[in-house]
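Asks: In order, the protein sequences belong to chains R and C.
Counting along the first sequence from 1, when you hit position 198 you're at 198 in our numbering, and nothing is skipped either side.
Counting along the second sequence from 1, when you hit position 458 you're at 458 in our numbering, and nothing is skipped either side.
What the hints contain is simulated information worked out from the structure, not anything from laboratory work.
Check before you lean on any hint, since a few could be wrong.
No more than 25 Å apart at the CA atoms, straight line, and that leaves these computed lysine-lysine pairs for PhoX-like [claimed, not checked]: (1) R:Lys185 x C:Lys390; (2) C:Lys390 x C:Lys276; (3) R:Lys149 x C:Lys54; (4) R:Lys149 x C:Lys276; (5) C:Lys276 x C:Lys81.
The residues making up each chain are set out below.
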Amino acid sequence: MTDRPRVALFVTCLVDLFRPSVGFAAVRLLEAAGCDVSVPRAQTCCGQPAFNSGDRPTTEALARGLVAAFAGFDYIVAPSGSCAGMLRRHLPELFEDDPVMHERVVELAARCWELTSFLTDVRGMTAVDAELAGRVTYHDSCSGLRELKVREQPRRLLGSVRGLELVELAESEVCCGFGGTFCVKYPEISTRMVSNKAANATASGADLLLAGDLGCLMNIAGRLKRLGSPLQVRHVAEVLAGELQAPPIAEAG
Amino acid sequence: MEATSLRFRERAAGALENAQLQTALAGIKVGWQAGRARAAARLPEFEQLRDLGKAIKDHTLAHLDLYLEAFEARVVEQGGKVHWARDAAEARGIVLELCRAAGARSVTKSKSMIAEEIGLNAWLEANGLRVVETDLGEYIIQLRREPPSHLVGPAVHLTKDQISDLFVEHHGGPRIEEPAALVGEARRILRQRYLEADVGITGANFLIAETGSAVTVTNEGNAELTQGLPRTHIVIASLEKVIPTVEDAFTLLRLLGRSATGQEFSAYTTFVTGPKRPGDLDGPEAFHVVLLDNGRSAMVGTAFREMLRCIRCGACMNHCPVYLAAGGHAYGWVYVGPMGSVLTPQFIGIEQGYPLPNASTFCGRCEEVCPVRIPLPRLMRLWREEQFRKALVPPTARWGLRLWGALARRPFLYRLTARWAARALRLLARGRGRLAAAPLAGGWTGTRDLPAPQGGTFMDQWRRRRR
Chain R
1 MTDRPRVALF
11 VTCLVDLFRP
21 SVGFAAVRLL
31 EAAGCDVSVP
41 RAQTCCGQPA
51 FNSGDRPTTE
61 ALARGLVAAF
71 AGFDYIVAPS
81 GSCAGMLRRH
91 LPELFEDDPV
101 MHERVVELAA
111 RCWELTSFLT
121 DVRGMTAVDA
131 ELAGRVTYHD
141 SCSGLRELKV
151 REQPRRLLGS
161 VRGLELVELA
171 ESEVCCGFGG
181 TFCVKYPEIS
191 TRMVSNKAAN
201 ATASGADLLL
211 AGDLGCLMNI
221 AGRLKRLGSP
231 LQVRHVAEVL
241 AGELQAPPIA
251 EAG
Chain C
1 MEATSLRFRE
11 RAAGALENAQ
21 LQTALAGIKV
31 GWQAGRARAA
41 ARLPEFEQLR
51 DLGKAIKDHT
61 LAHLDLYLEA
71 FEARVVEQGG
81 KVHWARDAAE
91 ARGIVLELCR
101 AAGARSVTKS
111 KSMIAEEIGL
121 NAWLEANGLR
131 VVETDLGEYI
141 IQLRREPPSH
151 LVGPAVHLTK
161 DQISDLFVEH
171 HGGPRIEEPA
181 ALVGEARRIL
191 RQRYLEADVG
201 ITGANFLIAE
211 TGSAVTVTNE
221 GNAELTQGLP
231 RTHIVIASLE
241 KVIPTVEDAF
251 TLLRLLGRSA
261 TGQEFSAYTT
271 FVTGPKRPGD
281 LDGPEAFHVV
291 LLDNGRSAMV
301 GTAFREMLRC
311 IRCGACMNHC
321 PVYLAAGGHA
331 YGWVYVGPMG
341 SVLTPQFIGI
351 EQGYPLPNAS
361 TFCGRCEEVC
371 PVRIPLPRLM
381 RLWREEQFRK
391 ALVPPTARWG
401 LRLWGALARR
411 PFLYRLTARW
421 AARALRLLAR
431 GRGRLAAAPL
441 AGGWTGTRDL
451 PAPQGGTFMD
461 QWRRRRR
């Protein structure tokens, strides 16, 4: 490996469709961390919707695609703890009866990282060149937090943003109620959970809520906007990269 | 118990509208959840203790036959008897037979989830016995004719006011509001029942193979009075309660109290070994252990073996945002919360338990606090795989998944579809940045807006920028 590692950006479905600015922010951060960034065209989805719906055949088919799409890169980095967790923690659970494929997914898993964890834990980044005047709070998305131990990394980087004041969110480690298809299968329970999150976010006194996963962010922003809240919501990468031209999530530009 | 798990969503929605229930559930966060966090933080070796607890249980399960036979041999040596029950009906039959042999009319019971699992109370009552629950929470739900809503606190779904009303209804007399006085009144009534009982039935937190002992843990001392006063003591427990040694029991007891309520140790922990011996001042004349299988031995060789490590502390439900919103009764059978979502389908079948493994965001808090590190989300996912294999998934979800899977396997088609979806949603949003309604998205947009796509997909924009 050279000192400029070859990094594949795993865009993730939601960023690709809803919020490309997060992808561009991730590219900017990775380049600032000294990486050569590529975006393999053959990538689609990490397979979580199939995996969590019990559809092993589709999950394994997608895993084969991921192995091919990301072959040859030093690292695969996703602006999502959930998708990175799928690659890093769950792919090795697949192909128990196929030792050749199993070895390949284990090898792929070892190269996969969540963005803020990669920047700090792998690239040793301690500060970013960004500015944002305001009170910010941070929601710990479940998969990143519990599967990948992403907790201090985004906070450390946010601490280096000029003008930014980080206020902690009560129950920041409690699920927002998104849970993939859970939010539409059990909308009543999901709504209660996201309402609790919205209430805690409002009570924090912050004017901007950040997290590392677009699923959670769309859920929280969607609820806050339905409730008429002025609280803004963005992906943490946007703030760290200074990519703030796009309006906050669910707001008009 | 008739399973109503298929109505999970409807009952959960009802629970969310029930203000009293929500007040009661909120108490779990400030009580047991916070208690566990404090207890874990105070004990430097807590994480190692969890590893040890897991290892003890894994070892026992790998040699379950050996330890069960050793346990039986020790019980017999002490003058007791072990009865093996393959299923619920056999276990009920054995207990009733033992009660009849003892000439029993009145039975006291300390808390036992196995008794709930086999529907013991209703069976004994139908056969003419008076059954009195002696755990305060169990006593309360027995008066209300309800199943437990929590492993550790069966009446956790009730507020103090509801219990005051209940006692007036059943005991008569003036309404009592002071918690200590409510406990005092239950105690006054239960004391008489202890003395009248011919048989005492208890569960067991652990069965110890090296000594043939049964271990019970309570905060009220009711298990001691239940097992020590009547002529006959019957322990009902499932196979996986057996552990090798007394030392193992203490390791697991150190985990149990802390994980359940945040207590370093429960107020009463009793080791019972056989019936009264010559020279003993008190104790039962007969000691029986009914060992229930009910499908557990068949789990040993499967991935669900890990569930048999469970020590019934309730930490998974205390930390589960779904349980804390829906309450225990929504789960529709004996076992509730994340452990129930894994265990209940084993007993009632995955068809009848369909919603339970799906009622999770896989947030992972349950696994994070489980004292014996049961991978609860993974086991729920295995149930979902079973549902998918058996084609139990509803047609719309199934076809949606199939369509999405077909696209995701074909990058070119996938990008094309994403491009059109981004355009369509953006058009529908008409510059407002979000949608209040969208086709096929009612589950989402009923209570929250759907953020609109920013513009073209990332893949398209990236290509245009020709990086």
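Asks: I'd like to know which numbered hints this structure contradicts. Please list them from smallest to largest.
Replies: 2 and 4
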